[in-house]
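Undergrad: Sequence:
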Amino acid sequence: MDEHDLTTLGREPLGPAGRARPVEDVLRRGRGLRRRVVAARAAAAVAAVAFVAGAGALATRSGPKPDVTMGGGERELPVKVEFCDRPAAEPVPAGELDGLRLVPTTLPDGIEVDVARPVRQGIGTCVDVDPALVLRADGGDRTVEAEITLEGPFGEPFRGTDEVALEPTQLRGREAARTYNPTAPGSDTGFTWTEEDGASWLLTGGGAGVDEATLRGVAEALVLREQPSDGEPAAALPDDAMPDGFEVTWQAPGLPAVEGPSRLEWIVTTTPPVPAGCEIKIVTTARQAPPERLFAASSGVGGYHELDVRGQEGFAIQQHGEVFLYWQEASGVVGSLRCGGDVDTAVRVADSLVEVEPDDPRITTAVPGSPG
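The opening position of the sequence shown corresponds to residue 792 in the numbering used here, with each subsequent residue numbered one higher.
I should point out that these hints are in silico values taken from the structure, not numbers from a laboratory.
Treat the hints with caution; some may be incorrect.
Stated by the list, open to error - Now the in silico label distances, taken between C-beta atoms and shown as ranges:
| id | residue 1 | residue 2 | range |
| --- | --- | --- | --- |
| 1 | Asp1035 | Asp1133 | 22 to 32 Å |
| 2 | Thr974 | Pro1149 | 39 to 49 Å |
| 3 | Glu987 | Asp1035 | 23 to 33 Å |
| 4 | Gln1110 | Arg1153 | 26 to 36 Å |
| 5 | Gly964 | Gly1102 | 40 to 50 Å |
| 6 | Ala1004 | Pro878 | 23 to 33 Å |
Note that the coordinates shown come from a computational prediction; the quantities given were computed from them, not determined experimentally.
Each residue gets a CB set at the ideal place from its N, CA and C atoms; glycine is no exception.
Work out the full structure, taking the sequences as your base and the hints as a guide.
TA: If you want it as structure tokens, here you go:
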């Protein structure tokens, strides 16, 4: 074990009731940390997977995957990092993106397609993971009134970010921290804690009726599993603990899926660009949850679900004259669209997407920010 692994182990909290971790736990964490360092260093060099269009879905040929297993067949838990670094996107031949090369045939007046870029985006040191559980309150007329999201299990405690501060508290009979945004008091709230088994969790909420007491009640009632058996969810909330007006809209069927080392992205930009125009992305993914959620509801921000987008259920966020629209394009592929205007306009643009040939003159290999 090198000195970097030892430094990380030094930040590990004591076990339950202040007891030091058993030697075998420390050695297991050391092996896991070592694997994560190797995987992170190699991520930028991993080749992209090839995607071939099928009848209404995309078939995938997976490339090498990082080692995410531990002794006994258990999966190593991901870590929610404080800061992360994604490598620059690399251009790829448009022919590798069969089924992803979608360009709109309908755009608002005065807006035209500028260029389309096929690229490979490495994940780098970032960790993109599905949520374990999402609860949502429906405000009627397709609107989302509030949302509560549980993330985890993570292999290390969440230590906050520039936008998320931590305040010590007690939860589930152990030390925990309340999370809040110091630059926008009252915008959202949450809790983070580590269970006796060493797994850490992050519960956040935003919108009408989501206050500290509501989140505490949810957190106390959660049934959590660090390594669920086949068919068991990693997290569940008993029916009698569900806050009034809320329902489960996503529950990971086991350990939440983690994004692969790289993904293919098809990026379409317009003239004029956003926010006056549009940007469209069709992206491959190893995650399974419906794309995007309402992380925090605040004044001037509206969430919309149960939207019919290209024959799939979509989700939209409307704020300050812009719409962010998300949908599942196919198995392992998600679409997103950012446009000025309203939700209905964004849906019409998405519904008009058609595939173009790899030699379409609008396709460029230039990556924004790179020479040439």
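Undergrad: Compare the structure with each hint and give your call.
TA: Comparing the hints with the structure gives:
{"no.": "1", "hint": "Asp1035 x Asp1133: 22 to 32 Å", "verdict": "holds (30 Å)"}
{"no.": "2", "hint": "Thr974 x Pro1149: 39 to 49 Å", "verdict": "holds (45 Å)"}
{"no.": "3", "hint": "Glu987 x Asp1035: 23 to 33 Å", "verdict": "holds (30 Å)"}
{"no.": "4", "hint": "Gln1110 x Arg1153: 26 to 36 Å", "verdict": "holds (29 Å)"}
{"no.": "5", "hint": "Gly964 x Gly1102: 40 to 50 Å", "verdict": "holds (47 Å)"}
{"no.": "6", "hint": "Ala1004 x Pro878: 23 to 33 Å", "verdict": "violated (43 Å)"}
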